[in-house]
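Asks: Listed below, chain by chain, are the residues.
Number of protein chains: 2
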Amino acid sequence: MRPHYRDGDTIDWWHEDSAERERWKGLLSQHGLKGLLAPLLDASKMWFVVVCTGIGVGIAGGWLDVLVKWLGDLREGRCSYGFFYNSVACCSGLDPGEVCNEWQSWSNYLGVQSMLGQSLLQSLIYIALSVAFAASAAVLVVTYAPFAFHTGIPEIKAILGGYVLDSFLSPWTLLIKALGLALSVASGLSLGKEGPLVHVSCCVAFLLSRLFKQFRNNETQKRKVLAAAAAAGVSVAFGSPLGGVLFGLEELDSFANESDVMWRGFVTSVIAAVSLQYIDPFGTSKLVLFQVSNSSGNRWLAFELIPWLGLAVIGGVLGSLLIKLNVAVAVYRRNSFLNDWPITEVVGAAAVTAAISYLHRVQSSELVANLFQECDPARGDFHGLCNPTAMWENVFLLLLTSVAKVGFTAWTFGMMVPAGIFLPTIAIGASLGRAVGILTQGLYKAYPKAWIFSACPPDPSVRCIYPGFYAVIGASAMLAGVTRMTISLVVILFELTGALSHVLPIMISVMVAKWVGDAFGEDGIYAIWIAMRRYPWLAPIEYHDKGETAADVMTPAKSLVVLESGVLLGELGRILDTWEYHGFPVMEGKKLLGYSARDKLRTYIAPLLAEAGASDRRCFFSESASSTSAEVMGVDVSPLVEDVLQLRKDVPLELVVNMFKKLNLRHLTFTQAGELVGMITKTDIVALSTAHFAHTAALEREKPTSP
Amino acid sequence: MRPHYRDGDTIDWWHEDSAERERWKGLLSQHGLKGLLAPLLDASKMWFVVVCTGIGVGIAGGWLDVLVKWLGDLREGRCSYGFFYNSVACCSGLDPGEVCNEWQSWSNYLGVQSMLGQSLLQSLIYIALSVAFAASAAVLVVTYAPFAFHTGIPEIKAILGGYVLDSFLSPWTLLIKALGLALSVASGLSLGKEGPLVHVSCCVAFLLSRLFKQFRNNETQKRKVLAAAAAAGVSVAFGSPLGGVLFGLEELDSFANESDVMWRGFVTSVIAAVSLQYIDPFGTSKLVLFQVSNSSGNRWLAFELIPWLGLAVIGGVLGSLLIKLNVAVAVYRRNSFLNDWPITEVVGAAAVTAAISYLHRVQSSELVANLFQECDPARGDFHGLCNPTAMWENVFLLLLTSVAKVGFTAWTFGMMVPAGIFLPTIAIGASLGRAVGILTQGLYKAYPKAWIFSACPPDPSVRCIYPGFYAVIGASAMLAGVTRMTISLVVILFELTGALSHVLPIMISVMVAKWVGDAFGEDGIYAIWIAMRRYPWLAPIEYHDKGETAADVMTPAKSLVVLESGVLLGELGRILDTWEYHGFPVMEGKKLLGYSARDKLRTYIAPLLAEAGASDRRCFFSESASSTSAEVMGVDVSPLVEDVLQLRKDVPLELVVNMFKKLNLRHLTFTQAGELVGMITKTDIVALSTAHFAHTAALEREKPTSP
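Line by line, the protein sequences are chains P and V. According to this note's numbering, numbering within the first sequence proceeds without interruption in unit steps and concludes at 707. According to this note's numbering, numbering within the second sequence proceeds without interruption in unit steps and concludes at 1414.
It should be emphasised that the hints constitute simulated quantities derived from the structure, not laboratory data. Computed from a predicted model, the values in this text were never measured in an experiment. Hints may contain errors.
Covered stretches of chain P (in silico footprint by chain V; criterion: 3 or more residues with CB under 8 Å from a CB of chain V, positions within the stretch not fixed) [as the list claims (entries may be wrong)]:
1) 11-23
2) 76-90
3) 240-248
4) 642-649
5) 667-681
For each residue, glycine too, the CB sits at the ideal point set by N, CA and C.
The shape of chain P in the complex, shown without the other chains (with noise of 0.2 Å):
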């Protein structure tokens, strides 16, 4: 009898894996040759599923970057030999010093020849058609799928640790997430595409799985197929591969000490990472996204640890800002008119955005890119910031950004759009750490001989500091302090930007912000959006209580509603009825039995209910009660009793939530020498662990009633 999940809803670990046993004992038990390859067959469609999710997200990934550079490009231009190519397909096989015609600017095209005329016009379309890019992503979202909005990553957390959300990852939302992003992106608004990576990646493996029975009628295999398949979208949007399985394990908490899975993951990661390489969507046939220049060359010096550990505290000070920015927004956008306009808020977000934008022009990633290059005559001048003689002006215009993203970001970070928080705030980060990497520099270039620069060589027309690295240093720490995550997040970036030889500052830095984030606020930004929907998830940090026990938290024996053994068929009915609780503990006399789940039992009971005269039946819930009993009319439900873990009342809080967390358990009773003296259910551990938050719940969506 497999239970009925609806939306929702809270899966059964301990039944969903008996049921996955039992099917798993069945295809060893048939003979012969099929014996022999069921278990075969049933391990390759697994693998099918992982590696064509692999494939998969590696292609999405690599359409989604062309097509948001040719959208993105679109706005300044057209290709005049076609109108599909980008500004650098459309200018590529050119000889180096070669002017190129082929790209034509809007007001060029249309012929436009004054000079105010022009940049109107330019600046017109370009932000027009950032507003229309908006508006259709919001459009689409708003209209069609709800559920592509936002990043994701909360909703994943949530549904592998259990809960129910199968139009989360439908192939209607996977269409609109990906659309939508590309056009969110290409609008210029402040937002990444790596969180809803994750969540397509998610919806290909879930598109995927529904092939097989195997995964569609188990709810823990899908979600281990899921587990897996997340690890491929930081693999893609990163191109780092170990980042992603790392992240799965971090963030994600999706390996749970399964090993199998985690291999998965890996595997599905790096095919993920191969496919877009071989797609090279750039055209550079490169993983690494944002080199660092002279990464190997350079050896950093001790005190350049003062710098960065200053960047380190900002970052996480600034990450902790910019997640209560975020929550106010959100709750405001929730209790006001906003709530009812998100098509026009978006309109006006990508309108602000793009008139402010456009005067530089810069898609985030590619400035985050050039705030990770070193100066370089060579190489040219990025957008003046190599300029030496303008330090003042560029530190300024460097912390003008970093001030503006983070309330752009936090405003966007929640609009009805797809949208990542990644990117955003490592070019945040890149920001502020380039300035004071720049302001060091100057610092150096003033004082040479300063003991505090004793170890740079004492010419100050060598360079001894190198402030591309600086920003590196800022985006980790911004990342720490906003995501709160530690190990993938050093890995991601080493892997971004192949900078090996200084991962131990980086690693300081995480370190230190994710620490001073903490004093601020022990939750990163996804785990505050998942207490502010409210889903039961546990936080795979360590709870530690303050002497409380069980006792403290359970509710009594006395309070709950019990189902005792020989009550009424038609009593049983209406105590259905009436509590809408997932399940009941059963007793004979003051002895726990077990427990019962209500779906089980309504459906069981429900063709009994329609015999006349059938309400005056006993249901006997043992059987030993049953056999023993003297009407020859009793019910017996023993069959419908699970087990239950029971633990004596003193026990402490800690362990408590400790056996929820590791046993994926949904409810735990307390008894005294085989008597029932109360229960604690998950929907309390998660409100304890979330009780220090003040804005849980805000943006609880309203139960979805399915047919």
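Starting from the structure of chain P, add chain V where the hints point.
Replies: Structure of chain V alone, referenced to chain P:
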């Protein structure tokens, strides 16, 4: 009341965890500045241990390399201007093409003129010194620190799983292991330094952790530090910090869902790698040990998957064979005269190995490095390996090498010297792989126009097949066959060779080799050694029952020794003296009250028993019973009753095994309506999971009788 653990015990995770919880609460409850600073100080002690371990292991690894190189060179000659220079250091500073006259072979140094005399003398000194090194290592190990033999990884796995073996981590063992390792590696025996370096790393961490009470007095805290340290050993051995972390995760299963421990492991292993790089023992300032040349330039072709799959299958079969041979040798050694002549055995093995390997005189690591290299006329001919006319000769020699090395490795791994199995396994696999690569290349040169080679350029003088990479594939397959690791192996190999572009074929070969190997026997070499020594360790792999329930494995209540509330004190003492179980279920009538540990009970009642006439007093295990009892002289032992998990006896065995693993349990009771029906202990579960292996406990150590 802290339990006193002796070597051979298993720790009580629940008790240790709650002790740590109490300590932490005590720290937080302090007032004023002390209350603020105490947790900080606490954390900084932990980081001190972690960081110092990293630095220490990095330095140890660096010095080990230097020492091995010097000792190894000493077998052939000496430096004329200083005894303590190795051949490379002795000849450094010369212009290219200049002949090094400073490094003198022994015959040269001793002034032997005749050709025959020279080669006789050289080979004699070579063999004599090899034997001397190996013998010194064996004498050191046998006489001073028997725990310093072998790889150490099985023991570390057991210790991290809760086994107590403090003498395995003593400073004395550390010293002998490090010194013995240098000697045994330099002696040219078929062994590597990877596993022993993990052991050394854990010893360093243990030594440092003794400084602080928080680790000294708490076994779980101690294990968290050890888990972090273990990663550093692999990091230093292979220059692979991420591989180290993943090794800890996959093979040692040491981070079990605790991301803070994983982060510490990451920090230790990066710091270790950085300090090794800083010491720079080889003067290359590179972490990548066996750089694969041209790895980024060439693309692999689809048809190459055929020879690679062949290699993978061979790796799996040969890996299994190596394990079985090694087990046979180990069992024979234990049960024959060799058991009493460990040093003689080492001397014999060293003499034979040296005599045979004198012909090519290449250390394993150098051999592997050469096998991984592509032939390049500019870089010289690696021992004739690149001679295109000697194809069959080379293939024959390579196959011979691998077969001989399988034999030597199976013999050596388990002798009384420190010995790792990674490097010899890599050498075997690399030889095989290179042979297959050379054959494929020969085939291509013979039939360049065959359809299978259609992806290659038609001109056979253009290189299409890179035999060096075949060696990498062979090494991966062989390693997977022997260790049965997956993800950490792939990461180690690509960090080792720098061949990120070829990670997909490495992955495939590892997977196939593991599947093939698993078909011949499910466990890797470390798990086999754990079973042979019967350490109480549970494999992290999923256990699948065949329909058994707990009832089939549990000791039924009627066969259990239980303590009844109300037992006479004298009788209790007698029970405790008679039965050497770790503890006993405590009953009141037929009701299960809990569990009580033997050690604690004995300590508690010993002073009471000493009083005259005390034997007739009654002991009560529940407070209510002792307070309502009419007897004034009743002894209240209720504080010694521990909580115990209760399940119904019909739960599937798989779930029981899972609970033991996830919750680190030591025992589990089964009740029916509060009445005890049976009990399962960790020992039962371990026996269950090693039941399929014939030589379980073949090498079991006698339980040490400590004072």
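Asks: It remains to establish, for every hint, whether it holds in the given structure.
Replies: Here is what the structure says about each hint:
Remark: the segment 11-23 of chain P is confirmed as covered by chain V, as 4 of its residues place a Cβ nearer than 8 Å to a Cβ of that chain, reaching the required three. By the rule of at least three residues with a Cβ nearer than 8 Å to a Cβ of chain V, the coverage given for the segment 76-90 of chain P is violated, with 0 such residues. Closer than 8 Å: that is the beta-carbon criterion, and the segment 240-248 of chain P has 3 residues meeting it against chain V, so the requirement of 3 holds. For the segment 642-649 of chain P, the stated coverage by chain V is satisfied: 5 residues place a CB nearer than 8 Å to a CB of that chain, which reaches the threshold of 3.
Only residues whose C-beta sits within less than 8 Å of a C-beta in chain V count toward coverage, and the segment 667-681 of chain P has 4 of them, enough to reach three; the restraint holds.
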